[in-house]
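Asker: So you can see what is in the structure, the chains are spelled out below.
Protein chains: 2
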Amino acid sequence: MTEKRTRRGEFELIAELFSPLTKGAPGALGLADDAALIGVTPGCELVATVDTLIAGVHFRHDDPPDLIARKALRVNLSDIAAKGAKPIGFLHALVLNDAIDDDFLERYAAGLKADVAHFNIPLLGGDTTSGPGPLTISVTAFGEVKKGRALLRRGGRLGDVVCVTGTIGDGAVGLDVLNAAVQLPETLATSVIERYRLPQPRFIADSKLAPCVSACMDISDGLVADIGHLCKASGVAATIERDAVPLSPGTQHAVKQNATIWKRILGGGDDYELAFTLSAEALLELSTLTAGLKFPVTPIGRIVAGKAGDVTVLADGAVFPVTDGGFRHR
Amino acid sequence: MTEKRTRRGEFELIAELFSPLTKGAPGALGLADDAALIGVTPGCELVATVDTLIAGVHFRHDDPPDLIARKALRVNLSDIAAKGAKPIGFLHALVLNDAIDDDFLERYAAGLKADVAHFNIPLLGGDTTSGPGPLTISVTAFGEVKKGRALLRRGGRLGDVVCVTGTIGDGAVGLDVLNAAVQLPETLATSVIERYRLPQPRFIADSKLAPCVSACMDISDGLVADIGHLCKASGVAATIERDAVPLSPGTQHAVKQNATIWKRILGGGDDYELAFTLSAEALLELSTLTAGLKFPVTPIGRIVAGKAGDVTVLADGAVFPVTDGGFRHR
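Residue numbers (our numbering), protein chains in the order written: chain A, 468 to 797; chain B, 468 to 797.
Calculated from the structure, these hints are not laboratory results.
The structure displayed is predicted, hence computed values, not measured ones.
You may find that some hints are simply not true.
Treat identical chains as interchangeable: a pair holds within one or across any two.
With a straight-line cut-off of 25 Å between C-alpha atoms, the simulated SDA-like cross-links for lysine to any residue are [stated by the list, open to error]:
(1) 490 <-> 584
(2) 553 <-> 528
(3) 699 <-> 775
(4) 730 <-> 506
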């Protein structure tokens with residue numbers, strides 16, 4: 468950040484930095500109207516979600532501005548992905564403060580632009596204002612999904628297998644590295660920090676997998692807490708095999724250093740991976756169903772009878788206690 | 468507010484106070500999923516808008532919690548109304564802080580509930596989080612409008628008449644009364660304060676008026692500034708007759724006390740009335756077109772040739788200077 472603390476006015480900010488992000492989408496009305504127009508493909512329904520990120524709570528004050536922007540967008544795209552939908556655009560409500568200057572905003576907008584291109588979704592509208600509090604970003608993301616085909620949290624059935632995408636725990640371990648609570652060799656540290664700062668939404672809308680999924684959500688509050696939410700919505704319980712949970716090399720390294728990190732991996736949150744259930748029959752075809760996906764899908768447990776929402780983690784044949792249930796933002 | 472500073476957790480808040488606001492809308496998924504599902508009536512397109520309100524900036528810290536909630540919703544509904552659309556639901560992203568207790572939240576939710584009933588629109592989803600800053604509310608409102616029939620800011624044509632709904636300036640005068648910058652007799656004071664705290668979205672979707680409107684927006688930044696925005700989008704200029712601008716009894720009283728308040732009336736913002744353009748032919752049928760509307764519609768000026776976006780206010784046959792262009796939030 469430079470020394471200066473000058474900043475464009477709201478109208479210049481929109482015209483110069485945000486207008487290019489509409490990619491000419493007619494419904495954005497050039498970001499110069501009161502609202503956006505969104506056409507939904509016939510036979511589809513709209514999926515809409517909003518999440519707010521606050522500096523010092525959901526990201527660190529010293530996170531790079533471009534990655535803050537991309538994270539704010541991606542945590543919402545992760546919700547769209549979790550419903551088996553394709554993203555079609557977003558609204559962006561930004562609360563600035565006097566400490567934010569043009570340099571910050573230019574880097575912020577550049578990050579947003581990179582993801583607008585990466586996910587091929589236009590900015591459709593928004594709001595920019597200023598207050599005395601920390602930088603606060605609310606993104607409303609839109610997706611579409613064939614009518615009746617949205618994946619919901621409810622739908623998990625007895626005997627279903629619980630699967631996750633990608634690797635689990637990297638977000639929490641990355642944050643611990645940034646907070647100097649965990650030390651890792653540089654390459655591994657960089658990789659888990661990136662996982663904390665730059666979630667990867669896991670779109671499965673076009674895969675053969677989506678029609679076989681019985682319940683789905685994204686993991687933001689912690690693996691065990693969120694599988695608990697899925698189970699509660701489905702009226703079932705689950706058991707998870709701790710050692711089946713897929714870990715990245717950085718997180719594996721952290722486990723070897725200190726096995727107590729398992730509680731952060733299972734409870735820490737900020738994963739933005741999908742957790743979903745599949746029938747045992749579908750599991751037999753998993754490699755066919757996941758063909759073409761650019762991320763792994765790993766079975767980690769099973770839906771069982773029990774109190775709705777209960778999740779039991781097993782390790783070495785015994786119950787593994789997970790006291791860090793639910794994400795405590797810091 | 469009571470002495471206690473205890474507060475429900477996020478999940479209890481959602482389950483106890485916000486879930487009833489879904490009115491059982493299936494797309495809300497009981498506020499227990501990652502996203503909302505929104506079905507759009509065939510032949511319609513979705514209208515979406517987001518506005519963020521911050522305590523101390525967009526409303527006063529001592530405004531009643533129920534009215535804060537209703538204002539946050541209504542400023543967004545005003546944008547939906549300005550597009551000639553009907554409201555169909557909303558998302559609600561709330562940033563709390565430690566000073567906010569259950570009493571506040573219960574009154575806040577009661578306000579939201581009153582407007583959910585009044586406008587017959589369900590809460591479809593949202594996000595609740597906490598930070599160190601002021602109470603911050605982002606509402607994303609949805610409406611629908613027949614395809615191609617949305618009213619836009621562009622579309623004003625030479626010779627069109629500029630009209631407004633309701634009365635202008637009450638929001639700014641109400642804020643001045645709250646700030647003790649203006650004194651009014653109690654009944655009038657109460658009435659302009661209510662206009663500041665509780666905007667009235669002006670829905671015209673079902674009227675005969677809507678198909679005749681050539682350009683439309685809602686007035687939030689100030690009458691002159693916003694007509695300027697409409698003119699800029701339409702590539703035209705406008706003249707406004709100051710003494711044609713409709714004033715409520717409270718605002719009329721304030722003018723009689725001190726004519727300098729005109730600059731606040733014309734530039735102050737927080738009106739949430741519609742400003743729109745009509746052909747001169749349509750104006751002749753205005754009483755027919757507005758039959759059934761529960762608010763007045765008043766012609767106040769004309770679209771003219773000139774630099775796009777220029778607005779000239781005339782009073783007593785001369786140009787009336789309006790230096791307070793654009794709303795400065797305070």
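Asker: Run every hint past the structure and note whether it holds.
Answerer: Each hint tested on the structure:
no.	hint	in the structure
1	490 <-> 584	within (9 Å within a copy, 38 Å between copies)
2	553 <-> 528	neither (31 Å within a copy, 40 Å between copies)
3	699 <-> 775	within (5 Å within a copy, 57 Å between copies)
4	730 <-> 506	neither (44 Å within a copy, 40 Å between copies)
Of the numbered hints listed earlier, those contradicted by the structure are 2, 4.
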